[in-house]
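In my numbering, the protein residues as written are 407 to 544.
Since the hints were made in silico from the structure, they are not lab data. What you are looking at is a predicted structure, and each value in this text was computed from that prediction instead of being measured. Among the hints, a few may not be true.
[Said to hold, decoys possible] Listed next, with one range per pair, are the computed distances between beta-carbon atoms:
{"hint": "1", "residue 1": "Asp488", "residue 2": "Ala447", "range": "16 to 22 Å"}
{"hint": "2", "residue 1": "Leu486", "residue 2": "Arg445", "range": "29 to 35 Å"}
{"hint": "3", "residue 1": "Arg506", "residue 2": "Ala447", "range": "17 to 23 Å"}
Backbone N, C-alpha and C define an ideal beta-carbon position, used for all residues, glycine too.
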Amino acid sequence: MAGDVGYRERAQAVLGELGEVDFTLALPTDPEDVTWLVREARPDVVVLDATGCEEQVAGVIAALARRAPRLGVVVVCEHLTDAARELHALPKWGWMRDLRTAVQRARIDGNPQNSRRRPLEGPRRDLRSAAGAAIARR
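Could you put together the complete structure from these sequences and hints?
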(Lines of atoms letter the chains of each structure in order from A; the text may use other names.)
(Lines give C-alpha, C1' and ligand atoms only; values in the text may rest on other atoms or scores of the structure.)
Protein backbone atom coordinates (compact mmCIF):
# COMPACT_ATOMS: atom_id res chain seq x y z
CA MET A 407 0.00 0.00 0.00
CA ALA A 408 1.63 3.19 -1.19
CA GLY A 409 0.73 6.55 -2.59
CA ASP A 410 2.77 6.38 -5.79
CA VAL A 411 2.56 4.28 -8.92
CA GLY A 412 6.35 3.97 -9.26
CA TYR A 413 6.55 1.95 -6.10
CA ARG A 414 3.78 -0.33 -7.36
CA GLU A 415 5.99 -1.42 -10.25
CA ARG A 416 8.92 -1.98 -7.91
CA ALA A 417 6.86 -4.01 -5.43
CA GLN A 418 5.45 -6.20 -8.17
CA ALA A 419 8.89 -6.78 -9.66
CA VAL A 420 10.53 -7.58 -6.32
CA LEU A 421 7.74 -9.54 -4.67
CA GLY A 422 6.08 -11.15 -7.68
CA GLU A 423 8.33 -14.19 -7.49
CA LEU A 424 7.13 -14.85 -3.93
CA GLY A 425 3.50 -15.02 -4.95
CA GLU A 426 0.55 -12.92 -6.00
CA VAL A 427 0.95 -9.18 -5.35
CA ASP A 428 -2.03 -6.87 -4.93
CA PHE A 429 -1.35 -3.15 -4.73
CA THR A 430 -3.52 -0.40 -3.32
CA LEU A 431 -2.71 3.10 -4.47
CA ALA A 432 -3.44 4.98 -1.24
CA LEU A 433 -1.63 6.26 1.80
CA PRO A 434 -1.87 3.80 4.71
CA THR A 435 -2.98 6.41 7.24
CA ASP A 436 -6.44 5.29 8.35
CA PRO A 437 -6.54 2.15 10.53
CA GLU A 438 -10.18 1.45 9.62
CA ASP A 439 -9.53 1.64 5.87
CA VAL A 440 -6.43 -0.56 6.05
CA THR A 441 -8.19 -3.10 8.29
CA TRP A 442 -11.10 -3.24 5.83
CA LEU A 443 -8.70 -3.81 2.92
CA VAL A 444 -6.97 -6.59 4.86
CA ARG A 445 -10.29 -8.29 5.59
CA GLU A 446 -11.26 -8.07 1.91
CA ALA A 447 -7.94 -9.13 0.34
CA ARG A 448 -6.82 -11.55 3.09
CA PRO A 449 -3.07 -11.15 2.47
CA ASP A 450 -0.33 -12.96 4.37
CA VAL A 451 1.79 -9.79 4.47
CA VAL A 452 1.22 -6.08 3.89
CA VAL A 453 3.90 -3.62 2.86
CA LEU A 454 3.07 -0.12 4.08
CA ASP A 455 4.76 2.98 2.66
CA ALA A 456 5.16 5.36 5.59
CA THR A 457 6.73 8.19 3.59
CA GLY A 458 5.41 11.43 5.05
CA CYS A 459 2.93 9.66 7.34
CA GLU A 460 5.12 7.71 9.77
CA GLU A 461 3.06 8.52 12.87
CA GLN A 462 -0.23 7.51 11.25
CA VAL A 463 1.31 4.25 10.03
CA ALA A 464 2.33 3.46 13.62
CA GLY A 465 -1.37 3.65 14.51
CA VAL A 466 -2.28 1.43 11.57
CA ILE A 467 0.26 -1.19 12.67
CA ALA A 468 -1.11 -1.13 16.22
CA ALA A 469 -4.66 -1.60 14.92
CA LEU A 470 -3.56 -4.49 12.71
CA ALA A 471 -1.83 -6.14 15.69
CA ARG A 472 -5.18 -6.19 17.48
CA ARG A 473 -7.41 -7.11 14.54
CA ALA A 474 -5.15 -9.32 12.42
CA PRO A 475 -2.36 -10.62 14.70
CA ARG A 476 -1.06 -13.21 12.19
CA LEU A 477 -0.73 -10.66 9.42
CA GLY A 478 2.88 -9.89 8.55
CA VAL A 479 3.75 -6.20 8.33
CA VAL A 480 6.68 -4.60 6.50
CA VAL A 481 7.19 -0.84 6.50
CA VAL A 482 9.15 1.13 3.92
CA CYS A 483 9.93 4.84 4.01
CA GLU A 484 11.69 7.18 1.63
CA HIS A 485 13.21 9.29 4.42
CA LEU A 486 15.22 8.06 7.38
CA THR A 487 13.35 9.98 10.07
CA ASP A 488 13.29 9.15 13.77
CA ALA A 489 9.69 7.98 13.36
CA ALA A 490 10.73 5.71 10.46
CA ARG A 491 13.48 4.22 12.60
CA GLU A 492 10.97 3.49 15.37
CA LEU A 493 8.90 1.58 12.81
CA HIS A 494 12.01 -0.34 11.68
CA ALA A 495 11.23 0.89 8.18
CA LEU A 496 13.31 -0.29 5.27
CA PRO A 497 14.57 2.26 2.75
CA LYS A 498 11.79 2.55 0.16
CA TRP A 499 14.19 2.43 -2.76
CA GLY A 500 16.79 0.23 -1.04
CA TRP A 501 18.06 -3.22 -1.92
CA MET A 502 15.43 -5.44 -3.49
CA ARG A 503 16.77 -8.45 -1.63
CA ASP A 504 16.18 -6.72 1.73
CA LEU A 505 12.52 -6.12 0.88
CA ARG A 506 12.04 -9.69 -0.32
CA THR A 507 13.67 -11.08 2.85
CA ALA A 508 11.60 -8.79 5.08
CA VAL A 509 8.38 -10.01 3.45
CA GLN A 510 9.42 -13.64 3.87
CA ARG A 511 10.21 -13.06 7.55
CA ALA A 512 7.01 -11.10 8.14
CA ARG A 513 5.03 -14.00 6.74
CA ILE A 514 6.52 -16.20 9.46
CA ASP A 515 6.76 -13.70 12.33
CA GLY A 516 3.46 -11.83 11.91
CA ASN A 517 2.95 -8.29 13.16
CA PRO A 518 6.00 -6.91 15.02
CA GLN A 519 3.76 -5.09 17.52
CA ASN A 520 1.81 -8.17 18.53
CA SER A 521 3.22 -8.96 21.95
CA ARG A 522 1.62 -12.42 21.97
CA ARG A 523 3.90 -13.58 19.19
CA ARG A 524 7.62 -13.94 19.62
CA PRO A 525 9.50 -13.58 16.34
CA LEU A 526 11.57 -16.50 15.21
CA GLU A 527 15.19 -15.86 16.01
CA GLY A 528 18.44 -16.86 14.44
CA PRO A 529 19.46 -17.25 10.84
CA ARG A 530 16.95 -18.52 8.35
CA ARG A 531 17.69 -20.67 5.40
CA ASP A 532 15.75 -21.66 2.35
CA LEU A 533 14.44 -25.17 2.96
CA ARG A 534 12.80 -25.69 -0.43
CA SER A 535 15.69 -27.78 -1.70
CA ALA A 536 16.01 -29.74 1.56
CA ALA A 537 12.47 -31.20 1.41
CA GLY A 538 13.55 -34.29 -0.50
CA ALA A 539 16.62 -34.82 1.65
CA ALA A 540 14.90 -35.18 5.01
CA ILE A 541 16.40 -37.81 7.28
CA ALA A 542 14.27 -39.73 9.77
CA ARG A 543 15.76 -39.70 13.28
CA ARG A 544 15.06 -41.98 16.21
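Going down the list of hints, with the structure as the test:
1. Asp488 <-> Ala447: 16 to 22 Å: Given a distance of about 31 Å, which is not inside 16 to 22 Å, the answer is violated.
2. Leu486 <-> Arg445: 29 to 35 Å: holds (32 Å)
3. Arg506 <-> Ala447: 17 to 23 Å: holds (20 Å)
When each numbered hint is compared with the structure, a violation occurs for hint 1 only.
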